[in-house]
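Engineer: The primary structure of each chain is shown beneath.
2 protein chains.
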Amino acid sequence: MVFTSKLIEKSVDAFASLPGIGRKTALRLVLHLLKQDKAATEQFTAALTAMREGIRSCQICHNLSDTDTCQVCSDRRRDHSLVCVVENVRDLMAIEDTNQYRGLYHVLGGIISPIEGVGPGDLNIETLIQRLQKGEVREVIMAISPTIEGETTIYYLSKKLQPMGVRCSTIARGVSFGGDLEYADELTLGRSIVTRVPYSGSGADNENG
Amino acid sequence: MVFTSKLIEKSVDAFASLPGIGRKTALRLVLHLLKQDKAATEQFTAALTAMREGIRSCQICHNLSDTDTCQVCSDRRRDHSLVCVVENVRDLMAIEDTNQYRGLYHVLGGIISPIEGVGPGDLNIETLIQRLQKGEVREVIMAISPTIEGETTIYYLSKKLQPMGVRCSTIARGVSFGGDLEYADELTLGRSIVTRVPYSGSGADNENG
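Protein sequence lines correspond, in order, to chains B and G. Under the working numbering, the first sequence is numbered contiguously, ending at residue 211. Under the working numbering, the second sequence is numbered contiguously, ending at residue 211.
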């Protein structure tokens, strides 16, 4: 791509450095900003600057937060005896989006992966244990992706947490709602038969953690 | 999408205000910036700010430029007797990318479109006529999209320019290189037969403007 302006080239490079944005898309975004008035670009960069400067890690759950303690942890209406362990903030947001969970979270910041050199010491596990030692937490839900690394992390966590007298659970696995049995993978379908649940007649089919 | 941070929400909104970026993609971009160190975001916003502040319209051809006269117009090695009229900067860049054109440009800033209320007075036509009155320009190439609005603009321009003794040409139209005849649209294929060119044996098959 030939640029007749260095300023445009640098902005295109800046956008193209973001994941999933190629140089053609970057150019379209830059030309869009140039079509708007200056205030639009100022607003755009101000939002990013304010975020990058102001954002911090919640001192309790390591969620991204505007304040020292995040919105979730400081919400007294939520169930503080329930902690959901997630790999990252995106998973936390996915669970929040379901509107089905009213407990707290704990963001690990990754999962145990020997191949990528991530050990338990690199994750926020020590702070989770400190939280549990306060005795307020009754149950820990491990909402971690069902991959090999995820299962390893779940196994490691359960070994650490169970001696503390805390109930450990994982999110339910099985065939997706609306999914066709025919297209479910063998492992999921096989496990969903082995871990079948009594039919309750209502929509909620599994009350056990 | 539920956000536990206002700062993140504002940044996601900022990204999502750009064309072709939805809120899920915006969130991915924001989380990417948060994973990098602060300098990455600073560099990103600085590039955009510098561009939006510094960019101007070339006083000769209306190309986007870092200086009062753009890189193309101030390049004395280019052919200043040839002016290519384009609709917008993106079309100019597309032609530059071909590396086949060594003349100058003139950016109209749109095309005549009665439906959208764009008349000849809204385009950079007056400045084009002033350029031609200096007598330096020998030929004007109208590289405008072959739509109804484009054809109208070409017709209007040719009526204005021909009395000035300037040669007017349009870019060649026909079946794309590498394109299958079977899939060419009827209008293009039909016109390409009517406006057939003598076979020259070499790659360059049409020397007439």
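No lab work stands behind these hints, which were simulated from the structure alone. As the structure is a computational prediction, the values presented were derived from the model and not from experiment. Virtual Cβ for every residue (Gly too), placed ideally from N, Cα, C. Errors might be hidden in some of the hints.
[Said to hold, decoys possible] If you want the footprint, here are the derived chain B segments under chain G, 3+ residues with CB under 8 Å: (1) 8–14; (2) 66–76; (3) 94–101; (4) 125–137; (5) 163–172.
Engineer: Give a verdict on every hint.
Structural biologist: Consistency of the hints with the structure:
no.: 1; hint: 8–14; result: holds (count 5)
no.: 2; hint: 66–76; result: holds (count 6)
no.: 3; hint: 94–101; result: holds (count 5)
no.: 4; hint: 125–137; result: violated (count 0)
no.: 5; hint: 163–172; result: violated (count 0)
Comparing the model with each earlier hint shows violations of hints 4, 5; every other hint is respected.
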